[in-house]
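A.B. asks: Take a look at the letters that make up each chain.
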Amino acid sequence: MTSPIPSLKAAMAAAALTVLAAPVLAQDTSPDQLLSAYEAEAGASADLARGQALFTGQHTGGKPDTPSCTTCHTMDPRAKGQARTGKVIEPLAPGANPERFTETAKVEKWFGRNCNSVLGRDCTALEKADLIAWLSSL
Amino acid sequence: MRRFLTPLVLATLAMPAFAEDDYIRPVQHPLTQEECSACHMAYPPSLLPARSWSEIMNTLDDHFGEDASLGEEARAEIEAYLVSAAGDANGRRFRAAPADETPLRITDLPWFNREHKREVSTRMLERAGSMSNCSACHRGAERGYFEDD
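In order, the protein sequence lines correspond to chains A and B. At the far end of the first sequence sits residue 138, using full-length UniProt numbering, and the numbering has no gaps. At the far end of the second sequence sits residue 149, using full-length UniProt numbering, and the numbering has no gaps.
Source of the hints: derived by calculation from the structure; they are not laboratory data. Since the structure is predicted, the reported quantities are computational estimates derived from the model, not experimental observations. You may find that some hints are simply not true.
Claimed, not checked - On the chain A side, residues computed to face chain B include the following (Cβ under 8 Å): (1) K63; (2) T66; (3) T70; (4) A79; (5) K87; (6) N116; (7) S117.
Unchecked claim - On the chain B side, residues computed to face chain A include the following (Cβ under 8 Å): (8) H40; (9) T59; (10) G65; (11) A68; (12) G129.
Stated by the list, open to error - Label-pair ranges, simulated between beta-carbon atoms: (13) A/G95 <-> B/D22: 38 to 44 Å; (14) A/E108 <-> B/L104: 24 to 30 Å; (15) A/L138 <-> B/D22: 42 to 48 Å; (16) A/E90 <-> B/R75: 21 to 27 Å; (17) B/T102 <-> A/A96: 49 to 55 Å; (18) B/D22 <-> A/A79: 32 to 38 Å; (19) A/L138 <-> B/E126: 27 to 33 Å; (20) A/A44 <-> B/S84: 45 to 51 Å; (21) B/E34 <-> A/A96: 32 to 38 Å; (22) A/Q58 <-> B/G91: 47 to 53 Å; (23) A/G95 <-> B/P98: 50 to 56 Å; (24) B/Q33 <-> A/R78: 24 to 30 Å; (25) A/T124 <-> B/D62: 20 to 26 Å; (26) B/S37 <-> A/D122: 22 to 28 Å.
Beta carbons: idealized from backbone N, C-alpha and C, even for Gly.
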């Protein structure tokens, strides 16, 4: 009984490892990857200060109950926030919550909703890059 | 066994949906559970009639003052589920609101106010943040239990 061709065995082991390492959740990206992708789409570089100003500022273009990102995510995105229903929102800064900005579809869905609720329009690619740059720096 | 009992139980529950029992069947559809639980718990579909769920699912871009919109495929699938499990599904009568009204809130229904008016202190409400935050006061709410606690 000789063992099967060693290289096949190795390949199978590698394949098994790949499967294990593959994301269990739909995690398909990282804050850095998203940041580069939005910068590329915008054709410009992100700016932390602009991101901070957008996030912490009070806006008037959106829905009256949600004038700011901080309405729900608070002035400190490393802390837990609260939806208007009282439900807890886990921290938004990736430094405090490693699940953030790891799933493209989720990020796009919430940028879509929340920019519209707060600003009354979509965020631009550059604004998304600014926001991720600032949140990742915390 | 449970399967056979369900229609019977539901039939007896007509008025406030929980009169005989503190159990209200929770959402049984993974996509609805996922998409409708980010801002509040996913509410049990039997607490509103089909017309209410359809109205809610067709106005998600202005959902109680927020944008909760979804892609069309997910939106349609969730609407179909909620309608199929609504308080008046399968020919049942929904008695918690008049037939010519389309309530958008469970918390506006007369039974809801009756159950909560005297029982809920200002402090409880402050802690919960909103009457829509069922699970703040009913720890078993996500599993369908609204018993005293």
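A.B. asks: Taking the closest Cβ pair, is B/G65 under 8 Å from chain A?
C.D. replies: Holds, because the Cβ-Cβ distance from B/G65 to chain A comes to roughly 4 Å (cut-off 8 Å).
A.B. asks: A/Q58 and B/G91, beta-carbon distance inside 47 to 53 Å?
C.D. replies: holds (51 Å)
A.B. asks: Quick one: are A/T124 and B/D62 within 20 to 26 Å, going by C-beta?
C.D. replies: Holds - the Cβ-Cβ distance for A/T124 and B/D62, about 23 Å, lies within 20 to 26 Å.
A.B. asks: Using 8 Å as the Cβ threshold, decide whether A/S117 counts as touching chain B.
C.D. replies: This hint holds: A/S117 lies near chain B, its Cβ roughly 5 Å from the closest one there, short of 8 Å.
A.B. asks: Quick check on a hinted range of 27 to 33 Å for A/L138 and B/E126, using CB atoms only.
C.D. replies: 30 Å Cβ-Cβ, so the 27 to 33 Å window holds.
A.B. asks: Within 32 to 38 Å or not, the Cβ separation of B/D22 and A/A79?
C.D. replies: At 35 Å between Cβs, range holds.
A.B. asks: Report holds or violated for the interface hint on A/T70, using the least CB-CB distance to chain B and a cut-off of 8 Å.
C.D. replies: Hint on A/T70: violated, closest Cβ of chain B at ~15 Å, above 8 Å.
A.B. asks: Falls inside 38 to 44 Å, the C-beta gap from A/G95 to B/D22?
C.D. replies: holds (42 Å)
A.B. asks: Holds or violated: A/A79 as interface residue toward chain B, Cβ cutoff 8 Å?
C.D. replies: Hint violated; A/A79 Cβ to chain B Cβ min 16 Å, cut 8 Å.
A.B. asks: Does the CB of A/K63 sit less than 8 Å away from some CB of chain B?
C.D. replies: A/K63 check passes; min Cβ-Cβ to chain B is 5 Å, inside 8 Å.
A.B. asks: Is the gap between the beta carbons of A/E90 and B/R75 within 21 to 27 Å?
C.D. replies: holds (25 Å)
A.B. asks: Let's test the interface hint: is any C-beta of chain B closer than 8 Å to that of A/N116?
C.D. replies: holds (4 Å)
Hint compliance for this structure: hints 3, 4, 9, 17 and 21 are not met, and every other hint is.
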